[in-house]
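A.B. asks: Protein chains in written order, with the numbering used here: chain A, 17 to 318; chain B, 668 to 1710; chain C, 288 to 404.
Mixed in with the good hints there might be a few duds.
[As the list claims (entries may be wrong)] Subject to a maximum C-alpha distance of 25 Å in a straight line, what follows is the list of computed DSS-like cross-link-like pairs (lysine-lysine):
1. Lys-386/C / Lys-1014/B
2. Lys-1652/B / Lys-1618/B
3. Lys-770/B / Lys-403/C
4. Lys-821/B / Lys-315/C
5. Lys-400/C / Lys-821/B
6. Lys-69/A / Lys-1012/B
7. Lys-315/C / Lys-1012/B
[Said to hold, decoys possible] A few chain A residues facing chain B, derived, Cβ under 10 Å:
8. Leu-121
9. Ile-147
10. Phe-285
11. Val-289
Just so you know, the hints here were simulated from the structure itself, not pulled from any lab data. Being a predicted model, the structure only gives us computed values, none of them experimental. Just so you know, even glycine gets a beta-carbon here, dropped at the ideal spot from N, CA and C.
Residues per chain, in single letters:
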Amino acid sequence: MDYSITKFLWTLLGLFIVTNWGMLMSSTIRRIGARVSGRIGIPWYQPWVDLTKLYSLKSQVSHGTMFYLGPVFRLMGGVGLFLFLPMIFGSWHWSNYSFSGDLVLILYFQLFGMLGMALGAGEGGHPYSTIGVSRGLAQFTTIEVPMTLAVISIAIQYHTLSISQIVAAQQGGFFTWTVWTNPFATGAAMLSLLGAFGHSPFNLIQAPNEIPIGPPTEYHGVFLGFLRTNNAILHVAEAALFMNLFFGGATNWIELIVKTFLIYFWSVFVGMVFPRFRIEQSVRWFLKIPTLLGILAIVIFL
Amino acid sequence: MVTPIYIVAVILGLAFLLGILKSSMTRLGSILMIGGLVFITFVSGQWLYEFLVNHRATDIIYTAGFLPPYAINLQMGLNEAILTTMINIVGLLGGIYLLDSLKKTGINSMAIFIVFVMSLNVIVMTRDIFNLFVFLEISSIATGGLILLDNKRKAFQAGMKYIIATGIISNFLLIGIIFSYYFASSLNIDGLIAANLMSIKGGAIALFTIYVSIILELKPFPANGWGIDVYTASNPGISALISAGSATAALFVAYKLMPMGGSFWLPYFAIIGAITFIGSNLMGTRQENPNRLLGYSSIGQVGLILMIIGLSPYLGKDTLLIGFSILISHYAAKAGLFWLSGIIKSKNIQGWSALRKHPYLLFLFGTFIFALIGFPPFPSFFGKWNLIMALAAHGQYAWMTAILAGSFTEAIYLFKWLGYSIKLEVPEDITIKFEWNKYLPIYLMGILLYFMGMYLAPFTEGGVYINFLPLAFVFLLFALDFLPVYVKNTLSIAGIIWYMVRLFPLLEHDLMREIFAGIFLGGAVLTLVAGYAKKGKRPGFYPMALLMFSGLVGLIEANTLLEFFFSWELMTAGSYFLIIRGKRSMPHGYSYMLFSIGGAYAILFGLALAYASGLNISLAALGHITQLTTLAYTLLAVGFMTKTASLGLHIWLPGAHGEAESDVSPMVSAILLKAGVFGLMLLFFYMGTGTPGSEKLLYVLGWVGALTALSGNLGAVFQEDAKRLLAYSSIGQLGYILFSITMMTQLGWLAGFTYTINHFMFKAILFLVIGGIVVKLGTHNMYEMGGMIKKMPYSFVAVLISIIVIGGIPPLSGFAGKWLLYNAVIQKGWYFQGVVVFFAGVIAFLYLFKLIHSVFLGQLKDNHRNMKEISAWILIPSYILIIGIMVFSAFPQWVLKPIGNMLTVYFPKSLYWQGTRAFTSLGYWDGTTTMIVVVTAFTLLLGWLVIASKKVKRIGQFNIVYAAERPYRPETTHVSYNIYAGYKKALGFLVTPVVETFWENVSDMVLDFSGWLRRIYSGNMQNYALHVVLFIVVFYLIALGGL
Amino acid sequence: MGYIIIITGFLLVLIGLWGILSQKNLIKIILGFTIFDTGINVVMVSIGYVKGKTAPILDIISAKDALKSVVDPVPQALVLTSIVIGLGVSALMLVYAIKLHHDKKSLDINNFKDLKW
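Please model the complete structure; the sequences and the hints are all you need to start from.
C.D. replies: Structure below.
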């Protein structure tokens, strides 16, 4: 339990790196997407431009206290995930506040931001926000099924729920990564990840041409800036979580950047290929192949 | 000492005197009649006093100067004194009650009346069988005369049927008596016993004829159409006498003639009794005429007592106590009910809602119903308890099942009836006049029931330990019911706090009991505080709430099986009345009661098996069940699960909790459900994992718990009614608890405790706040609410914190449960159950969002624009609980560490502590640090937003980007109704009400069967006569014909 | 001789029962009852009868050899009581028959089925 200022500053630095890497990653991905569909796409620095604009907008309106607090909750969700996750294996500087809890804490802390966002959007009073939230929550319930199965499978495999120890167990070389030692769990989790990142075919929550942008519809200016910042952090943090669990973790920032990029790219890649699901389709989908894989991942240990 | 012969002499003298009085002298006539009844009551009462206080020996009274068998002799012993006193009291009270009718019909009817009562006395006392026959005939003829009191067509028909049937029966009795005399040369019962008729050739047939006639006098099912018609058609005052007086005498005849035949005939008594008990009650389920219903019930109860006589070899010296306990309850309750019926004069049981205008009569009605079913503190409770225990001790499980099944069918109609009277509209055409002579007898019978309950309690093993103190407090509150709410509320709270102060030192660091006592009593205080928000008097609320809490605290204090079951039933009774108070709660209160009684009988069976295993009444007997071990534990678990509303037994809960009053919902949800949890925990503690079958049972229950969690949460997702949503959520939460504790590991139990404590806190907050809002807005439908955050910010915060806890989101205490559960599941290896449970946990988000969004967020409705925050009296307890949640969240070690230590006695230790950090072999978690990290980071981010967003402008409700349109009505913009349509499409099939349909079919089947069966009562008196003859033939063929 | 009386008595009982169960007219049913009663009385008397003994009246014989020379007095006492009771029952039944006839102007037993189930 290290509450020192030094620790705090190191963590803040890590957060800064992660935020910027997240933004860069998103612009890169969007460029790739544009190229696939025959466009040139945005410049790589576009996210910083957007963010600057959003933070400096002068007209700011609020629907009420919860609406105001929504983005704080949302950003806290992303930041918290980062805080509770050891980013670089074996490093005191980059292990953040992961001594607060293990994998279970991270799984449940994801909900913190979701809940706050849902409530903030709800007070906005816009029907699209609520529709988006209801879809998001509905989809999330079944996304969690293969994920839970995978997590339990890993816990059985490594006899631990501590992320550092899971990473430690994968340090014996490429073939000690979970993806090879426990392919079913990895499969289930990677399919579940598609839903977690919310790209097509699981992007009905924000479905751009149906319910404008879903939950954040009413958000603008600095509020939207908060949400964007959160997206950047969250994407990296979640990818880092999967990296830690299935792909051997990272011993330095370069490794982290490469691995998180590839993990994130996986969801974008699928999204490029498949069209959007309706909500009942996506809810059911996670209970089919991904859940089956998850069950297999446990059955092999029985 | 006045010898009992004067009972006969004085009454006969009076009867003759009345006969020669002028018919206009009704006043003198009634004085003479009442005087005579008072006199005989005094005579028998004086004997009773002698036997009870001075332990006098049994007295034999000889007549005609000869010793038996040459002359008739009467016997006056303790039994006879009790029974004649009972008969004379009901005769006296019945006489007072019927005074008007008797005056109207004339002096002769008064003579008949006292002769009737006298004949019953002689039937009880006589030791001469021919004399017995004569007085049975006299009582029959007198009954026939009294039925004519009501000059009504139906009464004539019923009387005719009665005379024909009893005529045939008594002729058979006479034949039996002649042949007994022929074979044994004696008419004296003792002589006949000594002669041992069974050993004489032909004697068996003589005995058979006597027995079958005596049994037929008791109106055995199905040869009893004539008896039921009498109950239906005659004046209720007469029915009361037949039910309480004649039946009592006839039962005693069966008892005293029993030794004549020895053990050969007893099983037949028992079988006929059982068939009558079950059959008659089953018929009652379809009955709507109150008098006829009471007739079915009377016959059923008499069947039960006949059964007890038949089972006397197993009951031994307790036979009389058991029989008497049940007889006295039946006697007082049935007389009271018939008398009530005479006051209400309703053609159907629905009309009894007229009682609502007369709370004391309603209270007595409830008393009688509960006494009939065998609830504490009434004598029948102890009777049934002793009966079941004694039968279990002899391994007579089939008889136990029959008794419990019969009792259950009885509950089906009695509670339907009670529910009607509490809830239906008060009929306008029924007015209840106050007449002292009709009220007094009913009151006295009610008082008698309570008195006898207290009096008989110490005669039961372990009964001396029963703590009647809380019950006394309940009575005090009932007596003070006329006071305004705030006085009674303060008094209740003070009483509970005083009791807590008294109780806690006694628990001697029994942590589990301390926790539950905290939940039960602390919860009681907090939820009662919310009661200050109510205005007026809330008639009947406080006694019943306190009754429930008395039961709950009794569970904590119980050291014996008896105390435990006693308290369990008290709690059930209190909670039933609380639940049924809701506006539309009648069907829900009813189904709650049926499930509770079914569950209670399962528990009783289990407790009996525990008792039978070592003849040990202490609660520790649960740990040493050797009789049908697996069945016993299963029954106990199922019984407790009716209270925790586990899957399959849950259908009563949503309605019961959803429709209850705003401060009753938290009582029955946050607090009452924990009684089931307490029971289960206690059970599992004692059961352990080593007993045979327990592994399998736990495994099955684990799955039941997991599936309950899933179905409860899924059910909540699709609710539009805010309180039903919370009710379904309770089902789900209780599923988690069941699942956690079935794991039987330290981690599982820690999770179970965490969920229990959390559920207590957040469900109390939610039901208090949402209940307050529902009342304030006047609707249960969430889609009719919206935007309340602006009007009720404190409520919003309370709800927000609660749902964060339910969701298990760190840093609040709900996460403790999730983390423990994860560790427990993986440690135990129950992976798939675990996944189901965690899936259920995520589904909880759907309804949580729906709840908070639909009520507090979205669009404010026009008709709610002037709403204010809900009452501070509701918010105060909620915020006290929030403080509790916050402390538990920030310092989980304060709670979990001691519980963990306590559990190490039972389970291997798997949770360790290092300061604030908890760890297992799998993972670690630090609640305090998590809290610090989250709060710090959140504050920093909020600060940043505050700095970054200066000059934020608040905008109007409809100022939203609505696809370029501007909404003008909140209703069209508030998204709430069927918000999870897509989810329903995908997974809605999982909420098909399979269980509801199943129970509906079961109930339809029972009712159809009863409807089909009762067609044998065709109304034709010749058919009834034929039934009697057939009964004799069939009984003969089975008993003696070798069939 | 004794057997003949007993059998006659039982025959009367059966005839009475048959009458009760098969006749539709209330009066005939009541008559059935009286026959039933009579049958039982006959049976009772026959049981107490002992060939060659006299009536149990102490005036005629000396009290000393009473037990040897009289028939059993008890059944006779019983019969007397039973006749009285039978009379009472029959009377009550007839009262009911009158009441029922007043009510519906009929004595057919099938007309009195207002109470059922």
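A.B. asks: Does each hint fit the structure? Answer for all of them.
C.D. replies: To see whether the hints hold, each was checked on the structure:
no.: 1; hint: Lys-386/C / Lys-1014/B; result: holds (23 Å)
no.: 2; hint: Lys-1652/B / Lys-1618/B; result: violated (45 Å)
no.: 3; hint: Lys-770/B / Lys-403/C; result: violated (31 Å)
no.: 4; hint: Lys-821/B / Lys-315/C; result: holds (22 Å)
no.: 5; hint: Lys-400/C / Lys-821/B; result: holds (9 Å)
no.: 6; hint: Lys-69/A / Lys-1012/B; result: violated (83 Å)
no.: 7; hint: Lys-315/C / Lys-1012/B; result: violated (36 Å)
no.: 8; hint: Leu-121; result: holds (6 Å)
no.: 9; hint: Ile-147; result: holds (6 Å)
no.: 10; hint: Phe-285; result: violated (26 Å)
no.: 11; hint: Val-289; result: violated (23 Å)
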